[in-house]
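*Asks:* Single-letter residue listing:
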Amino acid sequence: MACKFCGPKLSLVGVVLSVWGIIQLTLMGVFYAIKSVALLEDLPLGGGHADINEFIGEVETGYTQNSHNCWIAALLYVITLVISGHQFWLNNRSSVSM
Amino acid sequence: MGSLFRSEEMTLCQLFLQSEAAYACVSELGELGLVQFRDLNPDVNAFQRKFVNEVRRCDEMERKLRYLEKEIRRDGIPMLEIPGEVPEAPQPREMIDLEATFEKLENELREVNQNAEALKRNYLELTELKHILRKTQVFFDEHEGGASTTESMTRALISDDPNKHMGQVQLGFRDKQESLEFLPCFVAGVILRERIPAFERMLWRACRGNVFLRQAEIDTPLEDPSSSDQVYKSVFIIFFQGDQLKTRVKKICEGFRATLYPCPEAPADRREMAMGVMTRIEDLNTVLGQTQDHRHRVLVAAAKNIKNWFVKVRKIKAIYHTLNLFNLDVTQKCLIAECWVPALDLETIQLALRRGTERSGSSVPPILNRMETLEDPPTYNRTNKFTSAFQNLIYAYGVATYREVNPAPYTIITFPFLFAVMFGDLGHGAIMAVFGFWMCYKEKPLQAKKIDSEIWNIFFGGRYIVLLMGLFSMYTGLIYNDIFSKSLNIFGSSWRQNYNESTLTTAKSLQLNPDSMDYLQHPYPFGIDPVWQLAEANKIIFMNAYKMKISIIIGVFHMLFGVCLSLWNHLYFKRRISVYVEFIPQILFLLLLFFYMVLLMFIKWTSYGPSPPNFDDVRTSGYCAPSILITFINMMLFKTDPNMRTDCDDTMFAGQMGLQKFFVIAALMCVPVMLFGKPYFIMKEQKARASQGHQSIEASAENGTAGGAPVPASAHHDEDITEVFIHQAIHTIEYVLGSVSHTASYLRLWALSLAHAQLAEVAWNMLLRKGISTLIIIHTLSTCRAACRTRRRTCACGRCRWRTRSSPRSRGTCCSGKACSPRATRAASTCTWCSRAGPPSPSPSWC
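Chains C and U, in that order, give the protein sequences.
Numbering-wise, the first sequence is residues 1 to 98 according to UniProt numbering.
Numbering-wise, the second sequence is residues 1 to 847 according to UniProt numbering.
Next comes chain C alone, as it looks inside the complex (with noise of 0.2 angstroms):
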């Protein structure tokens, strides 16, 4: 098969890691639409801010961001499972049939 560019083992590594990046991503972002409070540390925020409501809103951008950054993350972990899993396939019909 011309499109067969992964083998056996490599393909299903890629599939394990998808997986996990679109649940773990999906998670975070999820998280970070929420605001928690955990993952506070976690926003790229700069320092001198002169009153607290710019501070504020500074956070709350941060969080909206991040969390579409996540999900376009897992969106990308979506296309590399769609990729690897069709690789995963090839592979698997192929040993069948031999």
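The hints are simulated quantities; they were obtained by calculation from the structure and are not laboratory data.
The reader is advised that the hints may include incorrect statements.
[As the list claims (entries may be wrong)] Each computed DSS-like pair below joins lysine-lysine, with the alpha-carbon atoms no more than 27 angstroms apart: (1) U:LYS574 to U:LYS687; (2) C:LYS9 to U:LYS442; (3) U:LYS604 to U:LYS539; (4) U:LYS444 to U:LYS385; (5) U:LYS385 to U:LYS315; (6) U:LYS307 to U:LYS450; (7) U:LYS661 to U:LYS639; (8) U:LYS539 to U:LYS770; (9) C:LYS9 to U:LYS450; (10) U:LYS251 to U:LYS130; (11) U:LYS450 to U:LYS317; (12) U:LYS449 to C:LYS9; (13) C:LYS35 to U:LYS539; (14) U:LYS120 to U:LYS70; (15) U:LYS104 to U:LYS304; (16) U:LYS770 to C:LYS35; (17) U:LYS50 to U:LYS333; (18) U:LYS444 to C:LYS9; (19) C:LYS35 to U:LYS508; (20) U:LYS70 to U:LYS315.
[To be verified] Facing chain C, a subset of chain U residues (Cβ under 8 angstroms, in silico): (21) SER487; (22) GLU501; (23) THR505; (24) GLN533; (25) ILE772.
Ideal Cβ placement from N, Cα and C applies to all residues, glycine included.
Based on these hints, arrange chain U on the given structure of chain C.
*Replies:* Below, chain U alone, put in the same frame as chain C:
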């Protein structure tokens, strides 16, 4: 008592088997796996036993099977697993059939292999010859083409001034030289490529430079027929003159294991020969293919059955090996065996024996006879698939003696729990539990797969342990409030901050005082308050104090439990003295020293802390809480440290000093009791017995029936008592030092827990936090470009990317060309810092 609590009760049985029925009976018992046979002819060596011939035949069959297996593996044919049930041991008469089958297979295979090897050797020779003919053609073409350097060199070597080079050796051949001049002698052959340099040098030196060697590499690797390795070889051709040189060259070739081939001198002959070689190679190829096909067919047929055969042969061998342990009756009509049998399984064993007799068609039933014995029976713990893994953990430390309390059931809880104390993380525990659950759920299909990997087998063997460890880790993870090094705020933190806004905006780090309304004065309902995750300054200090105390508490209770189990042993074996002089001092020692330390911890936890609503009682505040470790060390040294902190009490409770002194002295008093108690009582008992025995011996001596008996008895008694002393001393030292060092060792629970938590945090910070902050690039790339375009400044977008930030306010700093251009030579990171730390409005002073 249940069978899990103690090892099984065993009885020694005598088994009378009729010679004809013995094989079938032993086979049935083997399938059952509940009987341990004793060797009844220990002084007969292995070669003089009755069934030696059969064992040997089995060995021979096994060898043949191994040979077959090796050949099957070499061809890469998959060996079929035994479908379904494992085959039973075959009847003895089946052995002859099996032997015949294996013999036939082996002979066939050997013949095929021999033929194949001969053919391959032939093939190799022909291929080499083909290569020689092809390569030498090139040499000769060069030769005849003239003008080439090779030719002139050859000529120079051979004909010019032979005296100078060849010396005396060649003197006798002078007259022939004229005729040879135009057609020098040559030999052609093939040699391993790595031998070429040595070969060349040897030729040069041995023939003093009078030969001329040409060589060319054969590109394709050739197969060595004997080892079937792929080897690289080279074709060479050596030109020389004269017979003496010829013998010399041939000797050297032989020495280097080069194969020489005849090579005709005339080009036409060579061409003809090449044609012949090609046709022969083709013929050989077809023959070789057929041989391989035949071999493959034979092996595929064998591969279907080989596992089955292996099991059968091994079972036969095991049966005969067991029969060799039996005692032959004088009449040769029956075999007598002695075996250890679990008392509860006598019925099943009887049934198996009856089945065996029926199968063999014998009329006389076997006799199973219980025997009385004073010997120590073997320990046998009945396990199932769940407990066997834990039992194996216990066996790794040692096998308990017969009928002792089996610690395995408690290990089912303590082992996963101690692991979980170290592995406490909800997320990691969940992954582990899922893995363990998957192995348990897919147990049968995974078992059927028979994976050979050692690591996998360790995990699969301990699948229930892994599952339990995962579940327990999830629990301790909840207690530690750790999930992938983050905390869960389920019930709402009990801490509030009461600082005003200006303090919050300016201060670098702030403190929350539990002795104020920062703390709501009621603890977080379950586990550790999530606020500690944000306490960067003293999170580790707080967690260390907590985890160290927890591990010592768990450890002391664990040790106390272990010592308590020994009480059941003493009671069961009716060792009343051991209860008084071993168990009680041991438990006192632990209670008075280490359990007291645990109590101190609880006292410290309960009596020091915030005192709402006034917060003015210094004595019960955390400020006055003493260090448990220092208190304990001072207790052992009978020392009192002056309290440096004003307004604090010296002790934790009234009368602490006196109580502590009493505890230490009492604990130390326990040591001599442990050390001398048991030997003393044994000695007393023996003396009492000896005086009784002495009297009786005296009485008997008066009768003149016995003499000299007391002397060996007393010698035996002396040796015995010293042994008891030594044994007890070792035991005591082990216990006292052990309880101290084990208490310290339980701190490892804390240390590994700390290491786990820190590694998880590092993983988060180094992998995910970085990942998250780089992900921002993707998102802000577009906004950055837009900002750059609108500003139309000189700032390059590549650098912009680093300088922008996600928040819309700080985008202003992005491309302030004024600020950055004077420092264009600086690394972009400087600017990153600028924009991050800088105020919202662009100001040149920041860069």
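*Asks:* Which numbered hints turn out to be false for this structure?
*Replies:* Failing hints: none at all.
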